[in-house]
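Peer 1: Residues per chain, in single letters:
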Amino acid sequence: MDRRDFLKVAAAVSLSPLLSACEQEVRWTKAAYIKPRRSQVAILAAKNYGKSLRDTILRGIQMCRVEVRGKRILLKPNLVEFDPKGVINTHPAVVEAAADSFKTLGAREVIVAEGPGHRRDNEYLLSASGLYDVLQEHHIRYVDLNSDNVRLTPLKSAFTRFNQLYLPDTLFNADLLVSMPKLKTHHWAGVTLSLKNMFGVVPGSVYGWPKNALHWAGIDGSILDINSSLPLPRFAIIDGVIGMEGNGPLQGQEKKSGVLLFGTDLVAVDATAARLMKIEPRKVKYLETAGEFLGNVAYEEIEQIGEKLERHAQDFRVIDEFSYLKKLLG
Amino acid sequence: MLQDATALLLANQNADGGWGAVPGNRSTTESTALALVALQTREQAALGPAIEKAKTWLIERQNADGSWPLADGLKGPSWSTAFAMLALSESMESTERVIRAGRWALAQEGSKIGLLAKLVLALRFQKRAVHLNEDLIGWSWTPNTFSWVEPTSYFLIALKKLKRQLPPKAFQERVPQGELMIYDRMCENGGWNYGNSSVYGERLWPYPDVTAVALIALQDHRERKENQMSLQALGEMAKNTGSGLALGWTSLCYELYGKDSAALKSLLERRFGKTKFLGETKAIALSILAMGNGVRYFRI
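Protein chains in written order, with the numbering used here: chain A, 1 to 330; chain B, 1001 to 1300.
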């Protein structure tokens, strides 16, 4: 046994009582338990970011029977960073098509909001990504969640040391939060989808850039605590037209997947998206735990109401540290 | 543009004398401090009442320990204390307040990774995910977390301006280490982002606004090769820089390093015409500082 092996064994022995104690503890309140008996997820083909996207998104929203008439809809794309050579962000065409679809369905107002995780420079991110032109053309209001007014919000679960988090006022003034992530692998969390996308609602002015306080508290726990405690109903639209594999969320390689995913159970949508990437969702730590109280992860508990998952599934590479995610449980 | 930006800033002042990050938002320390600095540099008698209201806002919000909170309604100290220090640094009647803030700032430091966390990281990741010296301590965004480039740069600028009025021992213990921390986080070809130069062996890229702020904080080491490399990197980034925030900081940095900022100012003017910087107070204030004679506030 060399020094490294010794340290591994020593750490495992010293941490095991702590870990087993944690496993026995229920870490969410009754109010946080929102898991439905069964969930529906729609996978729809979308080969490119062309004009047909609007019809596809309209159909996806309708298939999920989301009630939007008269409501203020908050679209939350992923705009964490920008690289002209990369595919980091939710494509502006998807945001545009979603905004148009929600308006067509009678939404009172559609707002786009994001709290970019790395940069304070909204004007740059919006302009460089192409989203600024979309917002201007369609007269859509943009809210920088990093610098919005905030409210101290008690958490409904306790997977981190936070008992409460400051959350932007804009969340409290909307009727539906639409998480619109990119289909990506992630070098810290395994995958980044509609649940992880909610890191963007946590204000950088309070928690910093990157949202380091959440990392210190634990990424998996933070994802769970944020998603258990958001003050409004949610819907997910995942941009998988072109996704990212490998060293995501910033430096991975593009992966053409040609799909959009929709659903009201964000856990079920993310679990389905993971399966599309041939990643086992029950091995993604935060998804496995989310499956206990926030939504459905098990394949048999998720009804595919769009196209067949198997038809679109593709092998997304992950970094070596997450190679265990690629062993599917069936 | 200077007049239009000043008029816009004035129009966006809240009734309480402060400014929000954007119009209509609750007043924040950073926005109010930057707006105050911008108006002070305009040296116009008509701006007097707005300036006094802004000063009063800041003075009334200072915490007992010398720090400032992030915004109205939020308790506790914050990184934006650095901006309040800067805004009040030339006000004789606020000297005692600013020194108190400086002493508080010198006592703050980002957290170190604990031994157990280091062990877990070493076990979990076969190769190091990030390359940085976690023993070098700067300033953090939020208490009890890691040091990052922006808050460290903000505090270095504010503290260096106050150097003669602060305890020399504490200054020497904190400021040079903060500088080393910033140098440690530099991207491979110069410049800075939020504070990681690479992840899993793949290089990350610098941001113009952060690079400019870091260079301003390190202006007293302008001959160092890292400064020169980063200045060059900033020049490359400036060719594609399209925001009030980045252009404002870059323009101020260029002036401090004796570089011609005329082209940047022209871009800044065009950008203001197009986007009004999304109404963001900090970008509008920085543009006023860059277009006018605001550079003196950042000269160390």
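Honestly, the hints are just simulated from the structure, not real lab data.
Any given hint could be a false lead.
[What the hints assert, rightly or not] Capping the alpha-carbon separation at 25 angstroms, the derived lysine-lysine pairs in PhoX-like fashion look like this:
hint	chain 1	residue 1	chain 2	residue 2
1	A	LYS256	A	LYS308
2	A	LYS326	A	LYS285
3	A	LYS256	A	LYS327
4	A	LYS85	B	LYS1239
5	A	LYS156	A	LYS285
6	A	LYS156	B	LYS1239
Peer 1: Which numbered hints are broken by the structure, listed smallest first?
Peer 2: 6
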